[in-house]
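Which chain is which? The protein sequence lines are R and F, in order.
One point on numbering: in the working numbering, the residue at position 329 of the first sequence is 329, and numbering is uninterrupted.
For the working numbering, count along the second sequence from 1 and bump the result up by 499.
To be clear, the hints were calculated from the coordinates, so they are not data collected in a lab.
Keep in mind that a hint or two might mislead.
Said to hold, decoys possible - With a Cα cut of at most 25 Å, we get these calculated SDA-like pairs of lysine to any residue:
1. R/Lys344 - F/Thr606
2. F/Lys502 - R/Gln393
3. F/Lys818 - R/Arg220
4. F/Lys609 - R/Ala273
5. R/Lys52 - F/Ala821
6. F/Lys502 - R/Leu402
7. F/Lys609 - R/Phe95
8. R/Lys437 - R/Gly286
9. F/Lys818 - R/Pro353
10. R/Lys132 - R/Ala145
11. F/Lys503 - R/Arg397
12. F/Lys609 - R/Asn97
13. F/Lys818 - R/Asp26
14. F/Lys818 - R/Asn224
15. F/Lys818 - R/Gly56
16. F/Lys502 - R/Glu401
17. R/Lys52 - F/Leu813
18. R/Lys52 - F/Lys818
19. F/Lys502 - R/Arg397
20. F/Lys609 - R/Ala145
21. F/Lys818 - R/Ser48
22. F/Lys503 - R/Pro353
23. R/Lys52 - F/Gln806
24. F/Lys502 - R/Ala398
25. F/Lys818 - R/Val58
26. R/Lys344 - F/Glu759
As a plain string of letters, each chain reads:
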Amino acid sequence: MTGRGQDRYTLTGVTKVYPGVVALQDVSLSVSGGEVVGLIGENGAGKSTLMKVLGGLVHPNRGSITIGGTTFAGLTPAEATRQGIAFVHQELNPFTNLDVTGNVLLGREITRRPFGTLDREAMVRQVRPILKRLGARFGPLDPVAHLSLADQQLLEIARALSMDARLVIFDEPTSSLTLPETQALLGVIDDLRRQGVAVLFISHRLAEVGQIADRVIGLRDGRNAGELARAEITKDRMVRLMIGRDLIRSRPDTAPQPDHMTALRLRGVRTAAWPESAVNLDLRAGEIFGMAGLVGAGRSELACAAFGIDGRRGEVTVGATRLPPRSVAAALQAGLCLVPENRKEHGLVLDFPIAANIALPNLAALSRRWVVDRGAEMALARAGRDRLGIRSQSLTRAAAELSGGNQQKVVLAKWLALNPRVIILDEPTRGIDVGAKAEVYAVMRALAAEGVAIWMISSDMEEVIAVSDRVAVMHRGRVTGILAGSQMTEENILRLAVG
Amino acid sequence: MQKKDLGLGILVLVVGAVVSVINPRFLSPINLANTANLIGLFGLFSVAQAFVIVTAGIELSVGSVIALLGVVFVDLIVTRDMPWPAAIAVVLLLGCVIGLVHGWLITRLKLQPFVVTLCGLLIYRGIARFYTADGTAGFSFDDSFPTLEWLVSGRSGGVPHSFMAFSVVTVIAWFVLHRTVLGRHLFAVGKNPEAARFSGIATDRVTVLAYVICALLTAMSAIFFAMYTRSIQPSSHGNFYELYGIAAAVLGGFSLRGGEGSIVGVVLGVVLLQVLQNLVNLLGIPSSLNFAVMGSVILIGVIADTQVASFRNLRRQSKAVAGLDNPADSGGA
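Please take these sequences and the hints and turn them into a complete structure.
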């Protein structure tokens, strides 16, 4: 088909207001066929809203969308699909009860007359060449339940292409992929570009944006923050675009204190995920103990088992107290707490007010004879807000209304109120913006200075090296090494992480 | 008190006012006492249902439990000559056992509450009918238990004791659900069981407790119903009561997804449903339309609720857009 390169998608002066929040204000951007445009911005900068405008899920209050000469005040999901707009989302939700073909053509099944039965052969005929075009290693009849995350993403792309998509929007597509999978995905995106498809690539991972994008557009506080041409794309300039200033990375010189006593001791701990590998660990009071490894290495499972969410074998000791397995209450009692990776599902009751969230694990201390003292509850919430700098108009608002960074601070506040001796942070800065990250690091250092042992699980290599006093690396359920001081390099960690 | 409750309260008053204008007999002491008695009877198991619904569960066996425990209660007193205080204790204990079993099946065997309590609905009804050989269990004319009768179906100063019992239960339930640690845990488990578990809450224990509280209150209402009807037809006694309780809870702002609702709301829901029933009788509407009227009012109530919410949302949005042009008005954020 000729003329595909002329496809042009333009947003002009788009404004979207939510109660209490201006999500987008006068934002303009354009992307053409055969071009990859990187879209960057901190959390809350308006990227998600912008995508919803393009997908027809949100109708802008002002502004317009121009597609190949036609101008719309707003799209509907059906119109967006008709205009060739398709999404590959950050969180994939394929229908695991259907096969690949069923997923790709879901809602656009091919039927046979006269009864409208499914024409499986025609469907497979349509899907097979698309999979080939993407270089997929799975076939049209494979069950989706067994596909890896990376393959599920390819499936999503196949679905986009089957709709004859001319603009594919990738939303944080690499956040759960391994390095080789990421490179393969970037290869696929490059192919799409050569085939004349327009691509909008949204990512926090600036290295990938720099590798793939022809142009980078920055959003900040719901407005255009500027644009970088291919030659101008450097990490520093992208960071400046996102946060409006240079990122100052400084680390106070904290010499490791080897004489500190052991705060958390793991002996022969086995998890259900890796039952054959026993883990021994010692965390000292006042240290930040980083834990690196690839996705699936068993880090979160180890943390959850130690905390008592999941079952375990082996011994976990906090201070002098030996913890019984499968008892979160006992862990909390002994001063061990866990800030879970999945903030929205595990960390917070989103519809609860901020104050009630902070109070949730602290109710015993806040109540007399089982009756909650609501004055004490608000006082605790206020203390948490002031300590962590939670930005919200009121503590009685639902936690759902906060930005990711502020939600994370609420989760931290709810645990810090227990005055823990050991705190496990599982991916504490995932999905929160650069500014909030710096605040989280500051809280961690302050806690460590007070003598709290911090076990930080992170997949962000730079973060692990910058923040930790020591780094343990896991691979397939085992701790393959513990690094300290000058040994903590990306190269060393990666070597241990791959086994 | 939530905004939702206020709206429902106004609705109750408006319906009551309309009925009393059309038929002044609505406000007669006899009618009011009768209505209060029914509110007490139906209110007990509706509040019970609320405890389960707030945990995102459901209890479908309420009607069958009322039939079974009613039959057992009458049988213990009439044919087995058990002293009535002991019979009450046995029935309440049986209620707790039923609640424990339901809770255990749901938390330990991970069965769905709908399935467990649906099976309960069928099983208890069947046992009740078998127990009486499909006959009627009841008091005969010469049976006389004056203290029991006064206690359960009597009146003091014109106020039915069932209504008093309901009032006491309501106040306690309100306190438990809205002021205690257990209440907070029930809401948390209903809204997000995972986050509750990560917060050190024994979610299984909380869930089991919800079913025990529900079954205990249901057993209590079974005694009141047995003494109210005095004769129990086990194939029809208590039919559809579970749906009545669910309806009152939903009308009162409880979400079947859990974690939402208030005791004030469910009480107002019970009152509204009884006033409606009364309206059908007093206004001479064919009583066959009874359920249809109830269903329509619940539907309208739920629709109005969602519409008002989305209207409010819309208005807040347009206000915010207007604020963009006059940033001075919007004030400091």
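Status of the hints after comparison with the structure:
The suggested pairing of R/Lys344 with F/Thr606 holds, with an alpha-carbon distance near 23 Å, which does not exceed 25 Å. The straight-line distance between the Cα atoms of F/Lys502 and R/Gln393 is roughly 21 Å, inside the 25 Å bound, and the hint therefore holds. A hinted pair counts as satisfied when its Cα atoms are at most 25 Å apart, and F/Lys818 with R/Arg220 qualifies at roughly 23 Å. For the hint pairing F/Lys609 with R/Ala273, the CA-to-CA distance comes to about 21 Å; that is within 25 Å, so the pair holds.
Our distance criterion of 25 Å between C-alpha atoms is met by R/Lys52 and F/Ala821, whose separation comes to about 22 Å. For the hint pairing F/Lys502 with R/Leu402, the CA-to-CA distance comes to about 23 Å; that is within 25 Å, so the pair holds. Restraint check for F/Lys609 and R/Phe95: satisfied, since their Cα atoms lie roughly 23 Å apart, inside the 25 Å limit. Straight-line distance between C-alpha atoms of R/Lys437 and R/Gly286 comes to about 20 Å, which keeps the hinted pair within the 25 Å bound.
For a cut-off of 25 Å, the pair hint linking F/Lys818 to R/Pro353 stands: about 24 Å separates their Cα positions. For a cut-off of 25 Å, the pair hint linking R/Lys132 to R/Ala145 stands: about 20 Å separates their Cα positions. With a C-alpha separation of about 17 Å, the suggested pairing of F/Lys503 with R/Arg397 holds against the 25 Å cut-off. Only pairs whose Cα atoms come within 25 Å are accepted, and F/Lys609 paired with R/Asn97 is accepted, the gap being roughly 22 Å.
Our distance criterion of 25 Å between C-alpha atoms is met by F/Lys818 and R/Asp26, whose separation comes to about 18 Å. Under the criterion of a C-alpha separation no larger than 25 Å, the hint pairing F/Lys818 with R/Asn224 is consistent with the structure, at around 24 Å. Taken as a hint, the F/Lys818 and R/Gly56 pair is honoured in the structure, with Cα atoms around 23 Å apart against an allowance of 25 Å. For the hint linking F/Lys502 to R/Glu401, the alpha-carbon distance of about 20 Å falls within 25 Å, and the restraint holds.
In summary, the hint linking R/Lys52 to F/Leu813 is supported, as the alpha carbons are separated by about 18 Å, within the 25 Å threshold. Restraint check: the Cα-Cα separation between R/Lys52 and F/Lys818 comes to about 22 Å, which is no more than 25 Å; the hinted pair holds. Our distance criterion of 25 Å between C-alpha atoms is met by F/Lys502 and R/Arg397, whose separation comes to about 16 Å. With a C-alpha separation of about 23 Å, the suggested pair F/Lys609 and R/Ala145 falls inside the 25 Å cut-off, and the hint holds.
Of the pairs offered as hints, the one joining F/Lys818 and R/Ser48 holds, with about 22 Å between alpha carbons and a cut-off of 25 Å not exceeded. For a cut-off of 25 Å, the pair hint linking F/Lys503 to R/Pro353 stands: about 18 Å separates their Cα positions. Taking the CA atoms of R/Lys52 and F/Gln806, the gap is near 23 Å; set against the 25 Å cutoff, the hint holds. A hinted pair counts as satisfied when its Cα atoms are at most 25 Å apart, and F/Lys502 with R/Ala398 qualifies at roughly 16 Å.
A threshold of 25 Å between alpha carbons decides the hint, and for F/Lys818 with R/Val58 the separation of about 18 Å falls inside it, so the pair holds. Proposed proximity of R/Lys344 and F/Glu759 is supported: the alpha carbons are some 18 Å apart, at most 25 Å.
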